[in-house]
Amino acid sequence: MANVVEMAPCTRVEGHSKLVLETNDDGIVEKGNYFSITPVRNFEKFLIGKPMEFAPLATSRICGICPIAHSCASVEAVEDSIGVEPPKDGMLLRELAAIANKMHSHPLHNILIFPDFGCGIGFDKNVYADAMKRCQGMRKIAQNIIDVVGGEGLHAPDIVIGGMEHNISDLARTKLQSSLRTYEQLSNEQTDFMMGLIKDSDYPSDMGVHDYDVFASDLTYGDRTAFPWETFNEEQPNNWYSSLEVGQEANNTICLVGGEPVEVGPRARAVTFKGFAERGALAIQKARQREQGTLLHRAENILDELNTSGVTKVACAGRGDNELGIGINEAARGSNVHMARVKDGRITYYNCIVPTTWNYPTISKAMEGDHYKYAEVIVRMYDPCNSCATHMIVLDPEKAIIQNKMI
Amino acid sequence: MVLGKYSDIMTVKTTDKTLQKYSQDGGIASALLIHALETGVIEGAIVAMPTDEPWNPEPYVATTPEEIVAAAGTKYVLCPLNNALKIAARENGLDKIGMVGMHCLTYAVRKMQLYPFGARHLPNKMALLIGIFCTENFSYTGIKAIVEELHKVNIEHVQKMDVSKGKMIVTSNMGERVEVPVKLTHNYVQPGCYICPDLTARTADISTGSIGSPDGWSTVMPRTKVGKDLFQSAVDMGLFETKPIDPGKTGMEMLTKLAQNKWDRSEKTRAERAEIGLPNPF
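In order, the protein sequence lines correspond to chains A and B.
Each residue of the first sequence is one higher than the one before, starting from 1 at the first, in our numbering.
Each residue of the second sequence is one higher than the one before, starting from 1001 at the first, in our numbering.
Isolated chain B (complex conformation):
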């Protein structure tokens, strides 16, 4: 239940050397978007594009593989991608839109598709939703405080951020690698994440994330026909290297356990909120 419906689950990495260089783990999201773009499944995608302010991306409508590569890599910061949905459909004229996002974003898109108030002509233009595994996220000031206060690295000098094995790892552009326990970052988590029950973006067409797979690989869960067909065609074209997910402690067990933890945390938070009379979104 906590992982949602999926047709398959496996460990995957892209065979594209460029993407391996720029992507977070297996390069799945970027490779899938580029493949979808090149095969006409989408005409463009909404991505979190880096801006002049380091690690503070903005929603961007990418219509070329180069733009998608430029937006590759995880940014542990809130980025309101849904704000760009209308920009993509209206002045960019896209009829088939792709988007990459965590549960909060994909869930909002699905909800918008069901009840398209204020989203006229948008629902049928959402052609692909790629879900990203997510435990929690930060505001820009939050992630800046974490990096500069806990890791003691100026955010302008950060080359890569990663969360792995209970550590938040920051690599500076000088090659320095600083780790702090993830639990120290919890005070900076944006409050909405405590209500969110979904680690694996169950409402996406296909979900991916590093949890459950070794370094350099990603776990992939095709969920809908759109996601399944796209992934299969990418595999058939040799864009991905796949292997069965490890059923053990560092694989499926860990993914299920962390997803269950997030689910339980959500239920607990919602119960606490209900007890003191605060509204819950679901």
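Looking at chain A on its own, in the form it has when it is part of the complex:
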């Protein structure tokens, strides 16, 4: 009988999650189970019947790290449902806010994984302090961009159905451009630092390698047309995890493409759009570090391209006819997909497939073949956000709730 190693909760990840690993006598993981134990949040259910304008405001509250990714995916889903297309300058500002969201999240993740590379207790205090200051400096700049563009750094109220509530002034643009140059300097130093840590680490180079495909809709923002409608299916955890006990404890669904897990996130984007070929957990981190340069470059382009006198919002002519709308935003952790149906201005259906939902089965599989001591490191390289990814109410065909977890 296989040994079972349980780790709960996993530390230095957002939200609460658990690892149940079946290992052989050498400690090599033969069956990996990574799942959410964060209590169910119910966003998809309480949105039903609410005005469509409430969707981006509410879903923004799913997460304090990726509120912009949720707002953007949400407004895009509603806009797709009611048939509204925001003006160019509105889309540019929205993309800038979403990019800034990633520009603040990636350094935050750096802080979370410092100890995995020995950067913590026992490390050179001054070097450690400098790295922390750099990360916080980068986060401050990125959050300020969201402050200016979205109206609030955390739950930006200016991301609205039809575009963006306000344009920004020329002065604001100039200041943001200036702050991006500071960010670039910090980001370059931090990337060099992290790449050095990765290089000096003694993790196996094939740690966390898997054979699954990747999915990314866009390099910096999101593209709803990329969604794999033909091959996508969402399963309940009972059907997928290795034991019924795990399946019943898991508070997440399993999203598969062509019946197989997919990886989403910075490596998936780099593989899809930049020809990045490296595999494994450390490759995800390398892709994440390099992505900051891509984001920075696109942010600069957006500010150059933006017409600060341009219209940023259009009025919503229609109020929805129950069409299924989809919005995809490439969040820091991967493709964040929101789906909505809107009828007469009210939500009739809502579903979120957030990045970590995609990655749960991938992470579970990725640690198979590695020693269980690397399991948490592999998890953290994916930067999972369990708070976002928790959602499930299982209904039978007669709509009776047959699983209703910790609500």
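What the hints contain is simulated information worked out from the structure, not anything from laboratory work.
Among these hints, one or two may not hold up.
Below, computed lysine-lysine pairings styled on BS3-like, alpha-carbon distance capped at 27 Å [what the hints assert, rightly or not]:
#1 A:K175 <-> B:K1125
#2 B:K1086 <-> A:K140
#3 A:K140 <-> B:K1096
#4 B:K1086 <-> A:K175
Here are some chain A residues the structure puts well away from chain B; computed CB gaps all over 10 Å [stated by the list, open to error]:
#5 K50
#6 P51
#7 D218
Quick partial rundown of chain A residues pointing at chain B, CB under 10 Å, derived from the structure [what the hints assert, rightly or not]:
#8 N144
#9 D158
#10 N167
#11 I168
#12 S169
Where is the CB? At the ideal position from N, CA and C, for every residue including glycine.
We have chain A already, so just place chain B on it with the hints.
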């Protein structure tokens, strides 16, 4: 106590002829804002900008002297300038914000600076608060009713409004001047003003108003280092003509007396509210 802390008090008017033409009295607020803008103390200011609806201004983030001049002159109507604080700091990208307002507005800003709930990154961006003397204020419908019912002037034809020596004076754009006793307007005062104890905006960096000074001049009270330094540099550059405030009945005595009256009215109102179980903000 009723006048708050101040480093100096004097009678002042601007030497700028354009501002003299457009401003209410001494042109102090506008001149100080422009001076602050030009010397980099602020990057922009929140002002009450006239709109297409006469005498119903809206909060506006002014970033040029021309915009500040366009907003010059007192409007006896509520204008929620604080609503524009985030607009100034966020999409306008201002890191040093100036604002002109009565006690209710400056007090709110100071309170926000102490407890910045819902005002993330705003407190340290408030660079200058210019306080305006205020006895009471009106809603737009209130001031419209006063002008049209009491003064019998269509509000669209009003060129200037002023309160002086117990009279509310309306000058039409045809040059007609109509006066009514201020006490007749009291029924239109918005209720919050009866609770307000502060005539001279004690929480501002520098306060100014017509009370205590002759026509065409304003009383100025620098209060904080920011206000004092700004005013002094403006005086040094010859932007203001100054003279000591008249200590007598039409000067300091009147200012103190009216400030005390407002203070007493507030205490009385708050006592009455407490007696019937209504909440008081302080």
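Hints the structure fails to honour
The structure conflicts with no hint, since it agrees with every one listed earlier.
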